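Visitor: Each chain is listed here by its residues.
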Amino acid sequence: MANASFSGIRDKVRDGEPLTLEDGVALFEHKNLLEVGALANEVRERLHGDRTYFNRNLHINATNVCEASCRFCSFARLEEGKPGAYTMSHAEAWSKLQARLDAHDPITEIHIVNGLHPGLPFEYYTELLAGLKRLQPTIHLKAFTAVELHYYARKYGMTYAEVLTRLRAAGMDSIPGGGAEIFAARVRKKICDDKCTADEWLEVHRTAHRLGLRSNCTMLYGTIETLEERVDHMLRLRALQAETGGFQTFIPLAFHPDNNALMKLPGPTGVEDLRTYAVARLVLDNIPHLKAYWIMLGVKTAQTALWFGADDLDGTVQEERIYHMAGAETPQAMSPAEIVRIIRNAGRVPVERDTLYNVVAEGDALASDKPFRRDVRRHALEVVP
Amino acid sequence: MTRPKDARKLRVAAVSFLNARPITYGLERGLGEDRFELSFELPSRCAQLLASGEVDVGLIPVAAYAESEVPLRAVPGVAIASLGAVRTVLLVGDAPWTELEEIALDGASRSSAALLKLLCRERGLSPRFREVPHEEVLDAARGRAGALVIGDAGFAAAEKYPHVVDLGEAWRGTTGLPFVYAVWAGRPDVLGADEIGILQQSLSEGMIHRAEIARAWAEAGPHRPDAPELYERYLTENIRYRLGSEELSGVAAFFERGHAAGLFRERARLRLYEQAHATAAAPPVAVRPARPHSVDTLLADAAAGARLAPPDGLRLYAEAPLLELGAAADARRRALHAGNEVTYIIDRNVNYTNVCVTRCKFCNFYRPPTHKTEGYVLSREELARKFQETVDLGGVQILLQGGLNPNLPLAWYEDLFRWMKASFPLAIHGLSPEEIRYIAELERLPIRAVIERLIASGLDSIPGGGAEILDDEIRYAISPLKCTTDVWLEVMRQGHALGLRTTATMVFGFGEEPRHIVNHLERLRALQDQTSGFTAFICWPFQAEGTRLKLHDDTTAMRYLRVFALARLYLDNFPSLQVSWPTMGPEVGQVALRFGGNDFGSAMIEENVVSQAGAIFKLSAGDIERYIREAGFEPRRRNMRYERLAAA
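From first to last, the protein sequence lines stand for chains A and B. Be aware that the first sequence starts at 8, since it is given in our numbering, and climbs by one per residue. Be aware that the second sequence starts at 461, since it is given in our numbering, and climbs by one per residue.
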């Protein structure tokens, strides 16, 4: 097989031709990182110009008790009653939202992801959603990964469509993209053997899309997968998207090495992160958005990724627990003003969105925090006494 | 310097080899004929004539400079050097190097002979050396006897023998640095700015006419059909005529290693004639036609090595798309640093005192002298523990900086340095310009006298700290008691004049405007044109946490990468740009290697200042090597002058 040349790939990208597996691998292997980044940036600007999205959201991880034994996860095989294990009562979970409402924080989304808890009834989840909606009927609930949904179908004896329909009736609005990890069977067997298969993950999303639910998709990179397996993962997502059009956003997730069974692996570094983002933007030509999840990348790398294909920084995020148990040193929340400032300082145009990418605020309506360097003079330096 | 018309002409001895022709090109054609009287000799003879006072200026081997009994100064900007293969300094023989029992040395060359002896010793080889006349050297190579061939004889010799070692290449393989074979040198006072200008101009004219020189040489020499091309490639690809920052590092490494191996009695330091205005010391600058430039044209020119004027710098800062600016800087880095290597150093930051009178608003580390409890000066016991740990961890240097402590006289530093040097195998990269300026003020001594005494007691190099923004508008606002831009640069100029290498830094994010940043780069570049004394530039954004400056400015990663890439393009005479992972984090540090960086800085065992203000990152040497590899480069350990060191 001839090595796909960079200029050949560039021509394809500019002509809107889909890239092949070989093209994707060649982009990963191309020595000049900035060339790959600049090409991804071309696509990003063609799709979104300078617009860069974020939302105001709250994360709820209602339980970290989990039957699965994924080797990359710091929640793995955590049983009820063990140190560090927790399961929130409904009241506790709802109080997280109530606290935001009391603080007049105009959040638009709650992101709900949990462990695979063996001892909870299905009603725990429906009531969790229903209670949140009772508190704030307009809030968007982006809840339960395909892995959880698959687990519920098995455990409670329902089809995917039945699980999805009942949860939607209780208040679920869309599905987050987690749990995809890497689709290649070789890797899944080694790092998350008891998780749903690639086909099952894709089937959950296919079903959701058919029912009219939008969803996101992810990829966990930086464990033991090969570059081919990364591109293969993207191509499977692209194929489902061609079929349904239901994915909104792709989110590459960097493996974080602390407190889990893969601690000996070093985890990807900054150059690898940016490269993965750029290749994803180029290969996934039919998924509109690419999210630089700052919780995982760190604020500095996430900001840089805005020039390597990414057009979304995720949200303000309150109370993130999954990555922080794996050693993430990022803050657990950023204020909207901080996010706006980071986007503006990157030379981009911030847009507050809701989960479905409707514009909530832009321009002057955003929390204003213009970049300092353009309009300040020496005398403006303030000294705190 | 003005000279009376009837003054005696300066006697100048140059070398007649092909590689010296570009240097004497202008002089041979009448340039400065009213000032100079030119003669041609073998290199070692040039040095003898200079030593005996029979000539005033000689193109002499650097080894002769190191061994000179009288103080000498070298002409800035002019050298015969090579980075890698030189082709005319060869060890040849019928047997491989390791099997040679005797090596005949060409009596005409001191530097090459010293280099060969040094390389033999460092490889554990001990052949007998026998000096023979220049003309007879080739006949001496047979059987277990090799010969060191220098000069034009090398071209033919390389084809005659089965075993050929190019000493320029061997030196680069060991140190990663250029080797300097010869420099113009004379007694300290014999050359004034005008004469220096003439010698530099002579080379500038020769550089343009290298093809012509090669043709003339081919016609005059032994007939070879490929001669003109061969000689032209030699003059353009093998020999480097610049005495720039890397060449100065090469000389310093040679002097130090030679001294350690017992070849040179003294640990010499190459010192240059000081010049108020230098032009030729700058690398050749591509001249752009005078027309309005698009950002694309500016980027393409800068990537190719053209010098940016201040308005160009401002334009690129404001308008160049980030990745295109980065790609141009990346192209520049590749041109300056062949071989895909990224260097790093293991050293330790030791802050000997936190007592400081300067009260900079951006600093969270200092305590004023009046502070009752928290001021400290590290004791010898504490210092010894830190130094020993550094040695144990493979560290080669101490970055020694502290506050401006009114209780520490110059003698305190002298004692400290002498004790350090006697007790630990560590280089002292110490005392930023501000500290040196303050000691001079305390002692009522000239800055130069302070630096001389510090060197005499063991100072190896000066760190570039305290530069912040080299524009007094900004300095006054953030650190009114700190030295001015001119003073900071003057300390560096004096250090360079005394033969010290230094670094330069910039801290941005104080609310300065782009013009202040470009001014900073411009001032550094202008001094570097004159001295070539800076080895590297390092910049980082202001770390605000806990300081009295309320941060309003943009100190995000994007701005860092933009400033960093601009600096790579603007500072065309700085060989190295160091990324700042301690402030930006290793991820962005790694990305900056693709925005013009060629050095990952220090595996810092200790850092006290920026870590007080919110920078939290720590990396071991192993981590650093991994980050470098994953960015696609080969890690190499170095010392302060970027001389490669074997990893432990």
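Hints may be right or wrong, so weigh each one.
Said to hold, decoys possible - Residues on chain B that point at chain A, a partial pick, calculated with CB under 7 Å:
(1) A778
(2) E779
(3) L782
(4) A787
(5) Q848
(6) E849
(7) D852
(8) G854
(9) A1017
(10) Y1087
(11) R1089
(12) E1094
(13) P1095
Unchecked claim - Here are the in silico distance ranges between beta carbons for each label pair:
(14) B/E1005 with A/R21: 51 to 59 Å
(15) A/G138 with B/E1005: 54 to 62 Å
(16) B/G681 with A/N39: 51 to 59 Å
For the record, the hints were derived by calculation from the structure and aren't laboratory data. Bear in mind that the values here come from a model prediction, so they are computed numbers and not experimental data. Backbone N, C-alpha and C define an ideal beta-carbon position, used for all residues, glycine too.
Visitor: With reference to the structure, classify each hint as holding or not holding.
Guide: Hint check:
{"no.": "1", "hint": "A778", "in the structure": "10 Å, violated"}
{"no.": "2", "hint": "E779", "in the structure": "11 Å, violated"}
{"no.": "3", "hint": "L782", "in the structure": "5 Å, holds"}
{"no.": "4", "hint": "A787", "in the structure": "5 Å, holds"}
{"no.": "5", "hint": "Q848", "in the structure": "30 Å, violated"}
{"no.": "6", "hint": "E849", "in the structure": "25 Å, violated"}
{"no.": "7", "hint": "D852", "in the structure": "25 Å, violated"}
{"no.": "8", "hint": "G854", "in the structure": "21 Å, violated"}
{"no.": "9", "hint": "A1017", "in the structure": "4 Å, holds"}
{"no.": "10", "hint": "Y1087", "in the structure": "6 Å, holds"}
{"no.": "11", "hint": "R1089", "in the structure": "9 Å, violated"}
{"no.": "12", "hint": "E1094", "in the structure": "13 Å, violated"}
{"no.": "13", "hint": "P1095", "in the structure": "13 Å, violated"}
{"no.": "14", "hint": "B/E1005 with A/R21: 51 to 59 Å", "in the structure": "45 Å, violated"}
{"no.": "15", "hint": "A/G138 with B/E1005: 54 to 62 Å", "in the structure": "40 Å, violated"}
{"no.": "16", "hint": "B/G681 with A/N39: 51 to 59 Å", "in the structure": "44 Å, violated"}
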